[in-house]
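**Q** Residue strings, one per chain:
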Amino acid sequence: MVRYIIRRIIGMFVLLALVSAATFVMFYALPTADPAVLRAGRQGTPELIAQIRRSLGLDDPLYVQYWTYMKAVVLHFDFGFSYETNESVRDAILSRLPATISLTAGALVVWLAVALPVGTISAIKRRSLLDRITMGGALLAISAPVYWLGLVTLYLFAKDVGTFGIFPGPNTYVGITRDPSGWFGSLLLPWLVLAAGFAAFYARLLRSNLVEVMGEDYIRTARAKGLPERRVIWHHGVRAAITPIATVLGLDIGMLLGGAILTESVFNIPGVGRYAFDAIGSADLPAIQGTVLFAAFFVIVANLLVDIAYAFIDPRVRYS
Amino acid sequence: MSPVVPAVDADALALGDAIAARSPLELFWRRLREDRVALAALTFIALLVLMAILAPLVVKLLGAPPPTERSTAALDPPFGSPTGPSSVHVFGVDTLGRDVFSRMVYGARVSLVVAVVATGSAVVAGVVVGMLAAYYGGWVDTIISRTLDMLLAFPILLLGLGLASACSLGDGCLGVIRPGLPVVIVVIAIATFPYIARIIRGQVLSLREKEFIEAARSLGASDRRIIFRQILPNLVAPIIVYATLVLPQNILFEAALSFLGVGVQPPQASWGQMIADASRSFDAWWLMFFPGIALVLTVLAFNLVGDGLQDALDPKARA
Amino acid sequence: MTALRAATSRRHPPRRFAVVGCVALLALALGACGGNPDDASTPTASDGYGTALPSGDQKRGGTLKLLSAEGFSHMDPGAVNFQLDFMVTYATQRGLYYRRPGDPTTPVPDLADGQPVVSADNRTVRVKLKRGIRYGTNEKTAVTGREVTAADVKYAFERGYNPSVANGYLPTYFPLAGSQHADGGEISGITTPDDHMIEFELSKPFAATTTRALVMPITIPVPKSYAAPFDAKQPNVYEADPERQAFTGPYMIQSYEAGKSMTLVRNPQWDPDTDIRPAYLDRIEWTLNVDPSIAGRQIFSGSRLANGDTPVPGTVKRFATQAKDRISFTPLGNRFVAINTQRRPFSDLNVRKAFAAALDRRAMQLQRGGVLIGDVASHFLPPTIPGFREAGGFAGTGVDYLAKPEGDPAVAARYMRRAGFASGKANGPSVLVFGSNDSPAKEIAEVIRDALDSLGFDVTLRLLDQATLYTKFCNVESQLRKIDVCGSFGWLPDFIDPYAMLNSNFSGNAILPVNNTNASLFDDQQVNAAIEKGALISDKEQRARAWGQIDKQLVEKVAAIPYLWDKVANIVSKDVHGVIARWNASWDLAYMSLK
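Here the protein sequences line up with chains A, B and C, keeping their order.
With the working numbering, the residue at position 97 of the first sequence is 97, and numbering never jumps.
With the working numbering, the residue at position 223 of the second sequence is 543, and numbering never jumps.
With the working numbering, the residue at position 331 of the third sequence is 970, and numbering never jumps.
Derived by calculation from the structure, the hints in this document are not laboratory data.
Each hint should be verified, as a subset may be incorrect.
[Stated by the list, open to error] Each computed SDA-like pair below joins lysine to any residue, with the alpha-carbon atoms no more than 20 Å apart: (1) C:1196 with C:1129; (2) C:872 with A:278; (3) C:1111 with A:51; (4) A:159 with C:1129; (5) C:1172 with A:307; (6) A:159 with B:602; (7) C:956 with B:605; (8) C:899 with A:175; (9) A:159 with A:180; (10) C:956 with B:602; (11) C:899 with A:46; (12) C:1111 with A:58; (13) C:1111 with A:174; (14) A:159 with B:403; (15) C:1111 with A:180; (16) C:963 with B:401; (17) C:1111 with A:56; (18) C:872 with A:159; (19) C:956 with B:563; (20) C:1111 with A:175; (21) A:159 with C:956; (22) C:1111 with A:159; (23) A:159 with B:410; (24) C:899 with A:174.
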């Protein structure tokens, strides 16, 4: 067991190294702004610019730049400085992490709170009117782009720009420590919008898994043994149907922690996703590399945790 | 959201003509025919495709201005803001004064082309790669699997944004992947093929161990024969299921890339791009509403067809 | 983006459009906007909007808060060259000459005592300094309370050549003798006959322009004994820890957190009797990196607030419709489309004229925000710059290809035929256009594309982010040689003078390998010579006339296609009396007050 875990962890680091290398190469091709010129300022004599290029290591071959970068990351946890704002990329990401975590955690709570009961009830009362309506609604929710939903809800419900001003508008995010009620209010709409698609997906998933499980033989046996229906459903049915959901959940959380770019953009939440998007928009290489590594890290770790959990549940996995 | 494929009864399909009075294919068609919702969705899609192909005709017949024509008259002085639905412009105009209805009709082309071509390429690539990895095993499998892992670890949207940005300048990437539609298609294909590659690999791995493969091999069948005659037919079901899941997602993916600014180039119209315009001028609700509805309906239709196909393939899974 | 501004020296800030309205002033006939009411802006963009002028009944005291979307580009007066930075620099420091808020063209002695004295050969400029002006600092240092001397002004210039300061405009406006290989050390061309007298010796008879440039912040004194050790570091302390500067102005920078906030407090060493500025406010607090839409909303409904940088279109619209007296529009710069004049097809003057005629400049004005944002331009000097009227004013220079703001397809076709395209249209030669991918620059690029399409060219449009666009393409000479059109260009003058407005963009001698601001690669011997000569003219009217002629020539030779004379919008909340420094189209903090 321990060996399996160690193997997977080593694999994780290898993967991270590969991702960072790929990012480096890919964005090297990106026509980025010339940071030496940006820093040299207007006087920008060719000598000054060359001087800055040397100090930033921009004339070194690609692999040397990569090696310097990785050394800084691994040894000092230093992701360099943004070409645009000269701010430390690590500090920029860390300061934006709370916003992303707030968004993810809240949306998570909402979508699970909706998807689990809805999925279960729909499976139990399958083919009923209730089932058709909820599954229809779910289908609609996963067909709508999240940023469009966001815009529509803002248009309808945002306080200063919307028609029925109920919720605080975009750009109102504040940290929870500074103003808890403001924080909550500003995230309500984003939570609902972000959760909509996920809730729909998970409800459908749970329903289809549960329906399949309920058709299994051991369920029939349990019923034949005289167990009450509710116990059959909860203890045997849902428990079995939940496992694939847990897998997907882990992966989705990992993905969201890397930043929900679309939601953060529409609602102007200063999270990691927004930062990544802005960085790509201004061709800010160190910021791009930092955020990609960061997001990939969460996804890989989530994968790892899910795999380890599976190894606990199903011993056969360890030996594959 | 990671797609999950419900279990498909491969054995039943593999047994061929053995028992049933009707072939699985006939059963499949029958079940599909009876699914009215899926049929309705299919009709919608067919109409959409028709409209997209005949876009210039449609626009002309309905008397709308061409999609690239800027109308300064339609921009409200003194701020130059776009005007909403009117008799001349049924769905209003955008920030440059272009007719929203015409752009929507032409925008359908982009969504459909991207969806079909990108999904198709992803499926083909995924099947090939997945089969190679599973069938040959060993170090081939390791390399492929690690590469797939790496691609899967990349945050998809960032990967898409990055590739699209990187290939958006000059002659694009490798001279072939030019900015605009080609870049978007390639990006979406690259970002989504790892999923199916993984799934196919899993399926082939499990199939490889089945008795009928061993039997065929002991009878002296060549590798190629085994792949094409025995394995591929069993993959049809998961391929269809996967394609139907992913196609609507790819429509949304293209719209998201356009929304974030790296999709098709102006003046080509794309629904995602039109929605992005809307986010800048908040009063212009028509910019947000019409393309959005178009997107929702299209994706919904594809989802319904996908559901219908899955049901028809294996009614047990959805009961 | 902030660093980019330093690189581009008062290029228009990205992603904001500037809303300007000098029109309000016309009613008061202060004559600062090209003066003559007959020259009124054709669109009626003014009535009822704020005037933002000083008045006699302003109150003392209170704290004003400013909100900015962008951060500061530079804090060191020796390097500062950006609209936003100027607001702080001129509130906390004093240069040789100042300008009253309402009168952008007349230098008023600040540190100087009287007007500069110019030698007969125009190669020497002598300035007498006032006495009794002292340095204030946050912490007690060796220079606290010390009097400003001429040696401090001399050092201010010398450190401009130090790579850790890297001033961008010294060679352009101050061709000092002995500055050839300067790098922070002694410059022989600057001498101090006594403690309150400074003399500049120029390497050419450039005094006419140099005296006008004495308003620039390079003239702000920096005590050498105090700052020399700072300047040895990269970045220097004046830049990185601006709280440690030695301040001469009515306010001091008490605290500064890069990208977050800044606070200005009164300078105890500042003597109001030596300064024309009233300095009503007690304290100024600046919040940076505020989302512009939020800022706009807060200023609209809040109190004691004003904008730090340009408001976004939504905000402008709101104020212009619901709070007209709290928004003001000030003209400042121009915008134009740069064309590669050295490469086919645009090396042919007729093709350039056709392009100018085909361009719908009215649509471009609308895309930037309409009539309030600026007037459609027909030549390059904007309304506040001397020479504007001489070049034709609002009526234009009279050329047919710029006569109609919406464009004139018939005229375009005529020039295409003259260029040799018999049908009036080209047949597919490919044209490469670069632009910024921000709105409204993106939409402007579309209008440009339409114009070229209509002429029969096959347009390839490349949209990039601002920073890459300029640092890698449209400011780099080698790249410019391969690009046909750079869509998003414009200029804000360093000071209100036609040389500062036109030289960097249109003089062949201003073409540089990097940081090149002559994006058209325009190199016409006649114009180059006229520009060189024009810089040497001292007499105001002569200068205006000469530069009006140069402007006309630029239009006749289509060095670029002008399309807008920009206006900058500024907004305040209801209890703020805003005063705008017209030379900067931004607030003059030393004149603002609360109501």
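**Q** Hinted pair, alpha-carbon criterion (20 Å max): residue 956 of chain C, residue 563 of chain B. Please report holds or violated.
**A** 48 Å, violated
**Q** Under the criterion that the straight-line Cα-Cα distance not exceed 20 Å, is the pair residue 1111 of chain C, residue 51 of chain A satisfied?
**A** Distance of about 17 Å is within 20 Å: holds.
**Q** Does residue 278 of chain A lie within 20 Å of residue 872 of chain C when you go C-alpha to C-alpha?
**A** 32 Å, violated
**Q** For the pair supplied as a hint, residue 956 of chain C and residue 605 of chain B, confirm whether the alpha-carbon distance does not exceed 20 Å.
**A** Holds: residue 956 of chain C and residue 605 of chain B sit about 17 Å apart, inside 20 Å.
**Q** Please work out if residue 899 of chain C and residue 174 of chain A have their alpha carbons no farther apart than 20 Å.
**A** Distance of about 15 Å is within 20 Å: holds.
**Q** Would the hint linking residue 1111 of chain C and residue 174 of chain A be met if the CA-CA limit is 20 Å?
**A** With a Cα-Cα distance of about 37 Å, the restraint between residue 1111 of chain C and residue 174 of chain A is violated, given a limit of 20 Å.
**Q** Between residue 956 of chain C and residue 602 of chain B, is the straight-line Cα distance small enough, at 20 Å or below?
**A** 12 Å, holds
**Q** Keeping to a limit of 20 Å between CA atoms, is the pair of residue 1111 of chain C and residue 56 of chain A held or broken?
**A** Holds, because 17 Å separates the two Cα atoms, which is no more than 20 Å.
**Q** Has the given pair, residue 159 of chain A with residue 602 of chain B, been kept, meaning a C-alpha gap of at most 20 Å?
**A** 13 Å, holds
**Q** Just to be careful, I want the Cα atoms of residue 1111 of chain C and residue 175 of chain A compared with a cutoff of 20 Å; is the pair within it?
**A** 38 Å, violated
**Q** Given the hinted pair residue 1196 of chain C and residue 1129 of chain C, is their alpha-carbon gap at most 20 Å?
**A** Between residue 1196 of chain C and residue 1129 of chain C the Cα gap is close to 18 Å, so the pair holds against 20 Å.
**Q** Take the C-alpha atoms of residue 159 of chain A and residue 956 of chain C, compute the straight-line distance between them, and say whether it is at most 20 Å.
**A** Cα-Cα ~18 Å, so holds.
In this structure, the hints that do not hold are numbers 2, 4, 5, 11, 13, 14, 15, 18, 19, 20, 22 and 23, in rising order.
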